[in-house]
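Novice: Chain by chain, the residues:
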Amino acid sequence: MRRTDLSAVTRRVAALALCLPGVALAHPHMWIDARAVFDVDAAGNLTAIEQRWMFDEMFSTYAMQGVKKQKGGAYPPDKLRAMADDWMQALEDPISHYFTRVTVDGESLKYAPPRDSAVQWDAKLQRLVLRFTLPLAQPVALAGKQADIDIYDPTYFVAYAFDAPGAITLASSAPSTCKPTYRPPRQLDYATMQQLAAIPPDPDSLPDELLAITKGLTHRVEVACAAS
Amino acid sequence: MRGIVMQIRRGRVSGHLSDDVSCSDSRLFLSGAWRGLAVVIALGIAVAMAAFWAPAAWAQGTHPFGVPEAARGGTGPEWLSGFFGQVSIWQSHFYRQLTQAVRAWQQDGHAAWTLIGLSFAYGVFHAMGPGHGKAVITAYVLANRQTARNGALLAMLSALVQALVAIAMVLLLAALLNVTAATMNQATWWLEAVSYAVITALGACLVWTRAVRPLWRTRSSSHDDDHDHSHPDADADAPVDGHAHAHHHKSAHDASHAHHHDHVHDDACGCGHAHVPDPALVSGPLNLRRAWSAIAAVGLRPCSGAIIVLVFALSQDFLFAGIASALAMGLGTGLTVAALACLAVGAGALAERIGRSGGSRWLGPLRYGIQALAAIAVLLLGISLLGGQMAMMG
Numbered sequence: 001m002r003r004t005d006l007s008a009v010t011r012r013v014a015a016l017a018l019c020l021p022g023v024a025l026a027h028p029h030m031w032i033d034a035r036a037v038f039d040v041d042a043a044g045n046l047t048a049i050e051q052r053w054m055f056d057e058m059f060s061t062y063a064m065q066g067v068k069k070q071k072g073g074a075y076p077p078d079k080l081r082a083m084a085d086d087w088m089q090a091l092e093d094p095i096s097h098y099f100t101r102v103t104v105d106g107e108s109l110k111y112a113p114p115r116d117s118a119v120q121w122d123a124k125l126q127r128l129v130l131r132f133t134l135p136l137a138q139p140v141a142l143a144g145k146q147a148d149i150d151i152y153d154p155t156y157f158v159a160y161a162f163d164a165p166g167a168i169t170l171a172s173s174a175p176s177t178c179k180p181t182y183r184p185p186r187q188l189d190y191a192t193m194q195q196l197a198a199i200p201p202d203p204d205s206l207p208d209e210l211l212a213i214t215k216g217l218t219h220r221v222e223v224a225c226a227a228s
Numbered sequence: 229m230r231g232i233v234m235q236i237r238r239g240r241v242s243g244h245l246s247d248d249v250s251c252s253d254s255r256l257f258l259s260g261a262w263r264g265l266a267v268v269i270a271l272g273i274a275v276a277m278a279a280f281w282a283p284a285a286w287a288q289g290t291h292p293f294g295v296p297e298a299a300r301g302g303t304g305p306e307w308l309s310g311f312f313g314q315v316s317i318w319q320s321h322f323y324r325q326l327t328q329a330v331r332a333w334q335q336d337g338h339a340a341w342t343l344i345g346l347s348f349a350y351g352v353f354h355a356m357g358p359g360h361g362k363a364v365i366t367a368y369v370l371a372n373r374q375t376a377r378n379g380a381l382l383a384m385l386s387a388l389v390q391a392l393v394a395i396a397m398v399l400l401l402a403a404l405l406n407v408t409a410a411t412m413n414q415a416t417w418w419l420e421a422v423s424y425a426v427i428t429a430l431g432a433c434l435v436w437t438r439a440v441r442p443l444w445r446t447r448s449s450s451h452d453d454d455h456d457h458s459h460p461d462a463d464a465d466a467p468v469d470g471h472a473h474a475h476h477h478k479s480a481h482d483a484s485h486a487h488h489h490d491h492v493h494d495d496a497c498g499c500g501h502a503h504v505p506d507p508a509l510v511s512g513p514l515n516l517r518r519a520w521s522a523i524a525a526v527g528l529r530p531c532s533g534a535i536i537v538l539v540f541a542l543s544q545d546f547l548f549a550g551i552a553s554a555l556a557m558g559l560g561t562g563l564t565v566a567a568l569a570c571l572a573v574g575a576g577a578l579a580e581r582i583g584r585s586g587g588s589r590w591l592g593p594l595r596y597g598i599q600a601l602a603a604i605a606v607l608l609l610g611i612s613l614l615g616g617q618m619a620m621m622g
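Sequences listed follow chains A and B, in order. Everything in the first sequence is counted per this note's numbering, starting at 1 for the first residue and increasing by one. Everything in the second sequence is counted per this note's numbering, starting at 229 for the first residue and increasing by one.
It should be emphasised that the hints constitute simulated quantities derived from the structure, not laboratory data. Even for Gly, the Cβ is constructed at its ideal location relative to N, Cα and C. Watch out, some of these pointers could steer you wrong.
Restraint-style ranges between C-beta atoms, simulated for each label pair [said to hold, decoys possible]: (1) A/ALA227 to B/GLY615: 47 to 55 Å; (2) A/PRO175 to B/GLY615: 34 to 42 Å; (3) B/TRP418 to A/ASP85: 23 to 31 Å; (4) A/SER173 to B/GLN328: 37 to 45 Å; (5) A/ARG81 to B/ALA396: 27 to 35 Å; (6) B/GLY615 to A/GLN138: 37 to 45 Å; (7) A/ALA43 to B/PHE546: 26 to 34 Å; (8) B/ASN515 to A/PRO113: 56 to 64 Å; (9) B/ALA332 to A/SER173: 45 to 53 Å; (10) A/GLN138 to B/PHE548: 50 to 58 Å; (11) A/ALA137 to B/ASN406: 24 to 32 Å; (12) A/ASP116 to B/ASP336: 40 to 48 Å; (13) B/PHE548 to A/LYS145: 54 to 62 Å.
Just a few of them, taken from the derived set where beta-carbon distance is under 7 Å, the chain A residues facing chain B [claimed, not checked]: (14) TYR62; (15) GLN70; (16) THR100; (17) GLU222; (18) ALA224; (19) ALA227.
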């Protein structure tokens with residue numbers, strides 16, 4: 001089922017549906033074990049975020065259903081390439097927008113098109129991995145400032161975890177004055193869940209309201225560089 | 229048909245709800261001053277059952293990844309949203325353990341019960357979260373004044389069909405044809421679309437028979453000369469299901485209408501009217517020929533959790549575990565929705581009982597109101613689901 005064979009409509013359905021079963025399949029949740037490397041250049045500018053998302057086993061298996069393995073047990077590279085393209089295309093959607101939000105001084109920063117996207121199959125763990133680098137449209141100088149990076153799905157369909165040691169790091173080019181601080185999401189208490197559930201379904205009204213409501217609920221990384 | 233009109237107008241209704249309700253017998257606890265309160269509560273529950281789950285449908289299709297009902301937690305009053313949030317957490321808890329449970333069973337046959345138990349629990353919490361299936365079933369049951377037993381049966385059957393559809397889909401598409409996930413998603417999408425279309429059609433039919441036609445009949449019925457109680461078994465039948473087969477001998481006018489309506493219902497509409505004719509038949513079997521539309525409406529849309537477990541089990545060369553899991557999920561879902569349907573019937577019956585005790589004048593309108601609201605809820609739900617589905621295409 002090559003994308004080029006599909007009509008515009010079915011291609012869109014397929015692309016979205018392939019990305020997350022939520023389109024066609026309303027119920028399952030997904031779990032992603034995530035890692036992020038924050039590219040801070042030698043001058044202390046945040047330039048990009050390298051992300052690595054490892055999907056849970058059940059979703060991974062489902063996503064690879066019907067994809068025939070080559071001799072030796074590896075999945076064909078062109079299939080993995082097509083999956084990466086489809087996923088990146090779906091993630092570009094203004095509402096999900098790579099499930100990543102970068103804020104400096106209360107202002108959300110824009111991204112340049114993502115690069116280095118790839119899908120890999122971890123044969124040992126039987127899990128699928130999506131990698132991509134999300135560059136900022138304009139690198140932002142962090143001297144004396146703090147960048148807040150939230151990685152989350154506003155709908156809580158996807159649950160992220162940054163549990164692995166070293167899941168959050170700075171690129172080696174970063175000046176020693178810069179440090180990332182990881183703030184795990186607060187446990188959901190009853191009152192918070194209520195607030196969360198009150199988020200209107202209208203996606204246009206999501207971003208700003210969400211920021212206030214979900215404060216403390218996301219996996220937040222604060223990258224700050226001490227003024228030198 | 230005239231029967232319902234007469235009875236609404238005269239309040240001469242003698243239902244048999246005490247016999248209908250097997251889940252709860254309100255006589256045991258209902259007395260005195262509590263009645264007023266009970267009326268409010270019962271009515272509230274009855275309407276809420278049908279309507280509160282519906283708004284979740286609006287959320288679908290607005291998100292690029294299709295907002296999942298469980299993840300969002302639904303809309304509605306705050307306490308309900310909080311409840312859904314908690315249910316969603318429980319559900320995830322069970323769902324996450326399914327992979328290990330499949331493997332454990334593969335190693336050790338005794339571990340089968342772990343998977344089955346987890347799947348059952350997942351099914352229970354799946355059904356407790358917001359979703360259209362239970363809304364359709366409860367509203368259908370209320371609109372048709374189904375018995376609690378039939379409502380429960382309806383819930384169980386639709387959950388079984390849902391599980392079987394998931395199993396059949398995975399057997400055919402994944403095990404036999406080995407299609408990709410994208411193709412399976414498309415297949416699911418179409419099943420959903422058809423399911424939503426059936427709900428819409430069912431809702432339209434219910435609105436016509438339960439909300440519109442009774443009003444129209446009230447206005448067009450200008451004389452009072454026929455009587456609707458000549459048959460002992462017609463007594464409950466006429467007000468209950470809106471069919472007038474008991475009365476066609478009354479006049480030529482009635483006869484033509486009665487036959488006409490019966491015909492329309494059964495063959496064109498198929499929107500399912502389980503009659504609640506008389507006490508002896510109240511606990512009778514569910515009329516599948518009539519209830520198929522409700523079962524199909526809910527059952528056609530396979531449970532996505534089941535599909536994913538099935539595909540996972542297939543990948544482990546242990547499809548049997550997936551089938552067992554899907555059926556256990558269906559059982560959990562079915563039982564939960566059955567309980568909700570019973571609750572809805574009980575609430576409706578309680579409202580009517582109280583209505584009757586407070587003077588029979590209000591019973592007809594009350595009955596009409598519950599049925600009409602439930603019918604409208606099904607239609608709105610169908611339209612919103614179908615709209616959301618279509619929006620995803622664009």
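Novice: Please name the hints from earlier in the document that this structure breaks, with their numbers sorted from lowest to highest.
Specialist: 2, 7, 11, 15, 16, 17, 18, 19
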